[in-house]
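K.L.:
So the sequences go chain by chain: A and B. The opening residue of the first sequence carries number 60 in this note's numbering; numbering runs sequentially from there. The opening residue of the second sequence carries number 254 in this note's numbering; numbering runs sequentially from there.
Derived by calculation from the structure, the hints in this document are not laboratory data. Some hints here could point you the wrong way.
Here are the computed lysine-lysine pairs in the PhoX-like style, where the Cα-Cα straight-line distance is at most 25 angstroms [as the list claims (entries may be wrong)]: (1) K160(A) x K132(A); (2) K160(A) x K136(A); (3) K160(A) x K363(B); (4) K136(A) x K270(B); (5) K270(B) x K132(A).
Next come the chains, spelled out residue by residue.
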Amino acid sequence: MSDSRLRISDNSGITVVEFVDRNILDEANIQAINEEITAVIEQADTPKVLISFSNVDHLSSAALGALITINNKIREKTGQLHLANIDPQIYEVFVITRLNKLFNIHETTDEAHAAFAG
Amino acid sequence: MSDPRTHIEDATAVDLKRERTQISTLIDQILALAETHNYGNSSLFAIRLAIEEAITNAFEHGHEGLDPSLSIRVEYAVTPNQIQIAIEDQGPGFSPDALPDPTLLENLSKPSGRGVMLMQAYMSTVEFNPAGNRVKMCYCRPAESA
Chain A
60 MSDSRLRISD NSGITVVEFV DRNILDEANI QAINEEITAV IEQADTPKVL ISFSNVDHLS
120 SAALGALITI NNKIREKTGQ LHLANIDPQI YEVFVITRLN KLFNIHETTD EAHAAFAG
Chain B
254 MSDPRTHIED ATAVDLKRER TQISTLIDQI LALAETHNYG NSSLFAIRLA IEEAITNAFE
314 HGHEGLDPSL SIRVEYAVTP NQIQIAIEDQ GPGFSPDALP DPTLLENLSK PSGRGVMLMQ
374 AYMSTVEFNP AGNRVKMCYC RPAESA
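Isolated chain B, as found in the complex (with noise of 0.2 angstroms):
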């Protein structure tokens, strides 16, 4: 049973390998379903980089250490009022409230660790399983383009 904030109802689910044709095939599939309701320019910018990073963060370090062919499972679901993305890896999971803040002066030259709080930033919400594994998205539509 998943767990009920980060499950998406009649969503379409894929499992991924860490290839990158893979994985532009299908960010271009959902994006295109969005487009088939309209969504603007900058929401479809929103969701290419906040799927990329979630992508990016679940192959990078949620599979750190582990067999790099795993996969990883991307669910969706497309509607004219929201776009609903999780993404759910195989490893041990993490703690996002651990993540250091990377705009501080003091991180601002380290090369990692943007990932999630541009997830944050481009997404409605943001929220995790209690293990750290699965991420669910959400993109609602701004009242603009509605």
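Here chain A stands alone, though its shape is the one from the complex (with noise of 0.2 angstroms):
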């Protein structure tokens, strides 16, 4: 249970999320990634959250869902979510679901960093 498919850290008051694994397609890990980004946002007043996809091949669009499901979260505590590094070919499953109109996408991690305003 405590074996979490996260790497989470704070850089100077973001909290940057990184996938352990390539492939985010399983439902119960989804579940828990979903649960686990949720338990940060809820201990943040104003949640400033960059999520980077760097290790990541494929995803879901139960992953997108999830994706979805903590952005609205953080909207509702008027807080920020970047995500960046994303795979081309992932890209083109945001582009498809137009959901790259939904999110702050970026091409590197720096880039995500520097456009967190406040």
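Put the two chains together into one complex, using the hints given.
P.N.:
So, in structure tokens, the structure goes:
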């Protein structure tokens, strides 16, 4: 149960989340990821979260759903969510679903860091 | 007698439980077969995504409220020119035409409802049987990698 599928660190008040797995497909793992990031959001007054996909080769619509849930929760607390390092094939999934319009997506984590306002 | 639109000639059939190792092993087997026919990386990405979505739909929605130990049937046939996959659940079926468009602005923040549209985006054809509990997807080899 304590086997986290995430690496979570703090960088100047920004929570940086990276994935351990290359494939974000398993429903149980996606649920666990959702719960772990939600716990981070709930602890913060105004959450600032950067999710890096640098190791990720595949993700499913269930993973997209978890990201949307996380985004909704962050917005409820007037926080910010930025995504970075998305493989071109996965970025195409965001484009097809038009979720590139919903999320703030950056090529690199440096660009994502710079985009956090306030 | 199976529905002719979703029938696959000379298919390999596997009954699959909702268990991650079984699901991953089967998808890896299908993709390994595709690799022997030199399907490229973008083809393998598309096929993996579509199968994952179809299997998830079958268990998550097709078997919603039913015995979680029920299996689904996966049939596949891989040839040099096309990859056909059919997935059938034991549920009552659904109407794919009734699905809301997840790309509409008012639906963008909804966390579910993208599986079928991704299957349609990444596969050449996606057809459901009249009952709506069996889907057949076909991936035709792109001209540039033939």
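K.L.:
Is K160(A) close enough to K363(B), meaning Cα to Cα at most 25 angstroms?
P.N.:
holds (14 angstroms)
K.L.:
K270(B) and K132(A): Cα distance at most 25 angstroms?
P.N.:
Given pair K270(B), K132(A) is violated - Cα atoms ~33 angstroms apart, limit 25 angstroms.
K.L.:
For the pair supplied as a hint, K136(A) and K270(B), confirm whether the alpha-carbon distance does not exceed 25 angstroms.
P.N.:
Given that 25 angstroms is the threshold and the Cα spacing comes to 40 angstroms, the pair is violated.
K.L.:
Run the distance test for K160(A) versus K132(A): straight-line Cα separation, threshold 25 angstroms.
P.N.:
holds (18 angstroms)
K.L.:
Would the hint linking K160(A) and K136(A) be met if the CA-CA limit is 25 angstroms?
P.N.:
holds (20 angstroms)
In summary, the numbered hints that this structure violates are 4, 5.
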